[in-house]
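There are 2 protein chains.
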Amino acid sequence: MSVTPPHRSVRVDLGDRSYDILIGPGLIARAGAEIAARRPQVRCAVITDTNVASAHLGALTASLEKAGIDAEPLVLEPGEKTKCFDELIRVCDHTLGARLERGDVVLALGGGVIGDLAGFAAGIVRRGMRFIQVPTSLLAQVDSSVGGKTGINVSHGKNLIGVFHQPDLVLADTDVLDSLPLREFRAGYAEMAKYGLIDRPDFFAWLEANWREVFSGGEARIHAIAKSCQAKADVVAADERESGARALLNLGHTFGHALEAATGYDGKRLVHGEGVAIGMVLAHQFSARMNLASPDDADRVERHLKEVGLPTRMSDIEGGLPGTDILMTHIAQDKKVQRGALTFILTHGVGRSFIADDVPQDEVFRFLEDKRAS
Amino acid sequence: MSVTPPHRSVRVDLGDRSYDILIGPGLIARAGAEIAARRPQVRCAVITDTNVASAHLGALTASLEKAGIDAEPLVLEPGEKTKCFDELIRVCDHTLGARLERGDVVLALGGGVIGDLAGFAAGIVRRGMRFIQVPTSLLAQVDSSVGGKTGINVSHGKNLIGVFHQPDLVLADTDVLDSLPLREFRAGYAEMAKYGLIDRPDFFAWLEANWREVFSGGEARIHAIAKSCQAKADVVAADERESGARALLNLGHTFGHALEAATGYDGKRLVHGEGVAIGMVLAHQFSARMNLASPDDADRVERHLKEVGLPTRMSDIEGGLPGTDILMTHIAQDKKVQRGALTFILTHGVGRSFIADDVPQDEVFRFLEDKRAS
Ligand SMILES: NC(=O)c1ccc[n+]([C@@H]2O[C@H](COP(=O)([O-])OP(=O)(O)OC[C@H]3O[C@@H](n4cnc5c(N)ncnc54)[C@H](O)[C@@H]3O)[C@@H](O)[C@H]2O)c1
Ligand SMILES: NC(=O)c1ccc[n+]([C@@H]2O[C@H](COP(=O)([O-])OP(=O)(O)OC[C@H]3O[C@@H](n4cnc5c(N)ncnc54)[C@H](O)[C@@H]3O)[C@@H](O)[C@H]2O)c1
Ligand SMILES: [Zn+2]
Ligand SMILES: [Zn+2]
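For the protein sequence lines, the chains are L and X, in the order given. Counted the way full-length UniProt numbering counts, the first sequence spans residues 1 to 374. Counted the way full-length UniProt numbering counts, the second sequence spans residues 1 to 374.
Hints are supplied without guarantee of correctness; some may be wrong.
If the Cβ cut is set under 7 Å, some of the chain L residues that face chain X in the computed set are [unchecked claim]:
id, residue
1, 14
2, 15
3, 84
4, 92
5, 124
6, 160
7, 355
Reference listing, derived: stretches of chain L covered by chain X, where coverage requires no fewer than 3 residues with Cβ under 8 Å from a Cβ of chain X [what the hints assert, rightly or not]:
id, region
8, 126-140
9, 162-174
Rather than coming from a laboratory, the hints here were simulated on the basis of the structure. Don't be surprised by glycine CBs; every beta carbon is placed ideally from N, CA and C.
Extracted from the complex, chain L is given alone in its bound form:
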């Protein structure tokens, strides 16, 4: 009797740091078996947040324990503020206190916040432990759990402290997304659309036609997540440490990060993927203004993101924004700055993004001044 696996598998090709992303339903229940098959007798520190814990921690620890894997859970507060030095110290302390050794595992069960924080801890405890991602938000499944970027925020800016530390395995259980608030699902969808906008125009067109099925679940959702993971895996394999092409993944992110900073990383006002959605529209509009792309493409992008329910304009952010000079400071402090000149991801149109250095600061300033009013 032969059984086909119930999930898709995407390989991230990084030599001796290669790993698999499994995508499909029921993977939390299979987590223990999948991990034990790869690393028998391993022990796990399971890092999660209260939202995810109440819905999925029990199922995960049951699955681990059934496979003979000792699980030591640590449940943190949800939200972007958890990505800070204090919580990093807590995760390190928990992992050491549980007497985990170098070959043992830090497992992130949660969204990008938990993944980035736990991954950073895994990268520095004992100078690098094993790391497994069980992403539970759409954003984490299609983006943050793949590629090994980890980090925390500090007063100088977002994600300014961290390491590259690749996971050993990613288990993206597509069922868990049903407990995700719709707003968070939409935010993750923005990153999914991003892959189309960077260099896969066909995928963007497919999403325009099929986004409702992606939201409702089933095969279309699994397909779209696998496509997105493949897109990210390709970029990461070509440029693990973001010395070149990987920067394309920052489409919409320089503007987006500035908006997140300007709203004090207050998830009630703006979550990461929403900032990216507005940022991607701005990147297309700015490209049009610089005569690099047609304004029709910017309109098309805005139309689609708006249709799925994402914010697309700065004026969509409740509570107002600080002055444009403050936004510019956040943009300049963003880490994609080289020797003072601004580096942006701009585009020649849908699916035709490129890295532009030497973007004139004053052009960006005037553009933002004009746009914030609209």
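Fit chain X with the ligands to the supplied structure of chain L, relying on the hints for placement.
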């Protein structure tokens, strides 16, 4: 007119992470020129401690500024306690506050404490900046500045949090050692002797004959430092991430770390190299007790280290030690533990060390009980 460089050069071979160690007099005065030749227009955060700053910071910053390199100094308290999360955060904050970019440099001017702390910060700020070591203690010149191990101490133990982050350049100015307290020079000498004890019996014999010249300076000192750097570079090139042979560098360190922990990392009672000296004698004595080596070798090692003025017995530590059960806890928490079995570096004699796993805990316990009285 041809000029021979006034220094030796040792290459650490790590593919695209390879780098040079320059060893010789006057290198602080040449630092600006050496750095500018490799990375023109770079900016530097210079991390140091008050002891080193008063003797050498002025000379370094003058040299950097003469070469057109902007230097942003941060002067910390000296001592092992500085290797902690709070100071790590300070160094990160200083570096970001100075608006250094990814291609800019964190420069460590100091002993192993400053090197380990600043190197860790360099490894995590913007997920990895350039890093230059200007080691000023003998221990840092022959050991800690080479090989890319960085880290801090936490309540669970020493160096349990950190990253591997290779420097881009190491400048070991042999003149600066003249301001080093004799006790610290001796401590560094213990690590130098270690290379002979691991696998270079001729070098150990050379040190027995020439140690006075090494202490007094000049050619013998430069030679011994270059020999030591070469020994460390060879091990690091063969096993960058300590998955195998690099563990040999821990000769004397499992015992040594336990003694440091047991004295609360109080440098007045015991500095790192002194712990290593006692630890190396213990490793040789324990090997003899296990019938792996002749007791004559242990005596020879003890005689030499004692002759240069290093402590060689637990009873040499002022203020007494906690119970052997506490020492054993520190030994078991040491990161060289695999699945509960103790891994030690033992020896078949001078220059014939090897990695022993499965060392019985109770044998170690009884050995320590016997030895602490002697
Ligand atoms: N490392 C990378 O490459 C990378 C890439 C993109 C984004 N990020 C980071 O990811 C973070 C954003 O990720 P996120 O949007 O997943 O944020 P998040 O982790 O805060 O998750 C969003 C919210 O959804 C909740 N949640 C998650 N899964 C759930 C589930 N299955 N059921 C119910 N609630 C659930 C969380 O508790 C949280 O309240 C940001 O910090 C961003 O910087 C990192
Ligand atoms: N990263 C590694 O591979 C590695 C290897 C061995 C040791 N270490 C670490 O190194 C540390 C010990 O290094 P250390 O012995 O250099 O300690 P240290 O940095 O504390 O220096 C010892 C003392 O000498 C002073 N000093 C240093 N240079 C001086 C100079 N030229 N003139 C006057 N005073 C000077 C310092 O201020 C300090 O008081 C420990 O934390 C240990 O864990 C790391
Ligand atoms: Zn993103
Ligand atoms: Zn040492």
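Hints the structure violates: just list their numbers, smallest first.
-> Hint check: 1, 2, 3, 7 fail, others pass.
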